[in-house]
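Participant: First to last, the protein sequences are chains A and B. Residue numbering for the first sequence is 1225 to 1634, as defined by my numbering. Residue numbering for the second sequence is 775 to 1235, as defined by my numbering.
Incorrect hints may have been included.
Each computed EDC-like pair below joins lysine to aspartate or glutamate, with the alpha-carbon atoms no more than 16 Å apart [claimed, not checked]:
hint, chain 1, residue 1, chain 2, residue 2
1, A, K1378, B, D1228
2, A, K1228, A, D1323
3, A, K1400, B, D1228
4, B, K984, B, E1049
FYI, nobody ran anything at the bench for these hints, they're computed from the structure.
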Amino acid sequence: MSEKQNLDVLVVGGGPAGLTCATKTKSQLNASTLLAERAEYFGGTPQSTYHLGFGVRDLHRVMTGPNYADKLEQRARNQGVVLKANTTVLNWTPQLLVDLAGENARYEVQARAIVLATGVRERSRHARLVPGDRGAGVYTTGALQRLVYQLGAKVGKRAVVVGAEHVSFTAITTLKHGGCQTVALITSDERDQTFFPLRWFFASRRRIPVLVNDGIAMIHGTQHVTGVTLNSGKHIECDTVVFSGDWIPENELARKTNLDICAGSRAPEVDSFGRTRQPGVFAIGNAVHPAEASDLCALNAHRAVDAMRSWLNDGEWSNNAVAVRVQSPLLHTWPSLVTRDDANARMLLRVSKFVEPHSRITVLQAGKTIYSTNHRRTIVTNRSFTLPMRWANQVDPTLGDVEIAVTSSV
Amino acid sequence: MRDLVSDVAVIGAGVVGTAVARELARRGYSVNIIEAGNDVGTGTSKANTAILHTGFDATPNTNESRLVRQGHDLLLEYATVTGIAIEQTNALMVAWNDDQLSQLNAVAEKSLQNGHRDFSQIDASEVVRLEPHLADNALGGLLISGEYIIDPWSVPIAFARDASSFGAVFRFKSEVLSIDVGNEVTTIDTSSGPVKTHFVVNAAGLAGAKIDEMFTGNRFTVTPRRGELIVFDKFARTLVSHIILPVPQKHTKGVLLTPTVFGNLMVGPTADDVEDLTATGSTQDGVARVLAAAHRIIPALRNEEITAVYAGLRAATEESDYRLFTEQQCRYICLGGIRSTGLSASMALANEACQRLIDCGLQIPTQSEKVSTLKMPPLGEMQHRPADDGQACVCMCERVTATEITNACNEPIGAINLEGVRRRTRALNGKCQGFYCLANVCELVSQANAIPVDDLLSGKS
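Hey, can you work out the whole structure from these sequences and the hints?
Facilitator: Shown next as structure tokens:
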């Protein structure tokens, strides 16, 4: 263990949220900033996502994932952020003393603020408790993308994709580049969860069916996957199974210092500025809202920088946040903590099942409705809908948790 | 080598077969190891509960009780010397109802008969003090000292590396087709050609009965018993500090919870008899049962993520004890029916096999015993690992470096595929199951072994 280094901001994770936040703390606050990334490259998930559509809302242009990731990294470097690749945070204390390992050294950093931007991963076949044989040919979309685009690997001939959200549909193209035809998408929901043009582009025009209200009951094949049996009893012959979506935040560091974890998302609880209940500790990006598009992660990082300014300059922290509790079919929200400062934010909410148009969304505190609105559109699973947080003005910090409910009109 | 006649051929390269091969080779015998799979420890040895048992609850006066007890001390010393991850956690047998509580006396009595005196009966409040996260309806327990958790995969690999360095020859992908016992030489016809030997040790695990039949006719049958296991993520490890054992009862078999040396918490196994020797898949029902038991014993596990679900088969036979046979006529030793305690008993079984072979007429070699300086890579969570010094990780969940993966492929008895790398390094075995690192690990294994990535992915290699 060498000498202890003092700095203003330690950002953990070099994806879109972390890079954007680090760039802004350096450029706007002139804070000494170190970004630790455990992988050997910066940019996070976009770095292995080769389709177009990145950077629209933050950089105002349309880019591929790797181009977008490189651009964000370049901006951080230009601003003088210290970027450390291959660097892992092993441990840290609530006093923000951090134990790091990387570049063949172990060292300690005393930070004034820590930003957890650790991102999100897809649950594996095991984490989803899908039984059966353990033959080769079972991947998550993340693993598949890297195999196909990084190694040029050929993955199989016939694939079944589990999930029917945006990422599940893009997996069809990735599989195609890996020499593999997709024979079906399977979702436990009643409908797919993407937009019509995407569904047409990726699946319908190739006559790839989306099997709804179903799931994998069993994977067959001891050496290599030979097929799957579905809950409906249907058997599909395939040599590849891709598990897509079902995101879980990388919450290991948050849990190591006992930050409050949101039961629905497994993410650390934060307000819309990324402030946790622990002064000086921020959490941003998909580590707190699994999983949104990367430009949204970047934009929400901007908000963290505003709160960072108050923290570094004035030691100001919101001690009066109340937690957000949700009722089924709501799963989780971002932010999961609310103060009156959040009134200009847009809340992201997720549901566990489709909700028909004209549902009522109610915000309550201490049993009293403080806001209620009619949601005109269908609420889709695995996709956030937004709720402007004007009502946050009326939240009374002394009255305890805020409750949000969605009630169907039918 | 093929045309030479070896002193002994060992059939099966699981934990028992490799232990026997190591011991024979160490004593100076020439040894062939014949294995149907493509690596060591690919059968029963790869999916077990990773516990080094004292044998306190074995049926007294059985082979199993005697050999587990001897094997415990031998493997404890071997693991310590070679650097295989091992931790003393001790075990806590917990009674959840009056029936089980009254049963504890019988277990204590059994332990005494087995010569294991290092235990104590404790009351409910002491159970809570030792394991505060257990469900609050425990009535009492038995605290058994001397129980260890161990890295189960490194053990057969270490045995095999030792055996190999002592001159033993491994023949993988060699399924035994037929056996011809001659006057002095036995010829074993395998799918990769014949092997000539003077003596044969059957350590074929699930195929043990089939091999035995080739020598002596139908003597016992192996009914594979499937055990399904769930491995929880690392945060679950903080919820228990002992191996939590169920009280054995006549009709219900409970599951156990155990910390692992890799820093996880494992729950299982189920015990279901199956027909098929290859039925190593998990089932919806089995997984549900294990999960329900886990939640019942430690309610806080409901909030923990699951890292892995897997199933293994134990070689159960008609009798509960090991099926050890010596056939002097055909210069043959059978180590059969080593159900689930093979890891603990392996080194004692090796000594047992040597003694039985000598009794059969195997000449004591003139050369002196060989010495190994083997050091296994540190894979335990409590051990000092390369990544702790800041070396770049390829597998970030389990913190495995590129050098470790390349070494695992290049060392003797090296990894030839991704499964082999998992068992030798922990890479890909973490919570993300390859989400981040599969491509990078594939690339390293492909380069080290000169195997195309596509073959690694298709499970061909």
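Participant: Which numbered hints turn out to be false for this structure?
Facilitator: none
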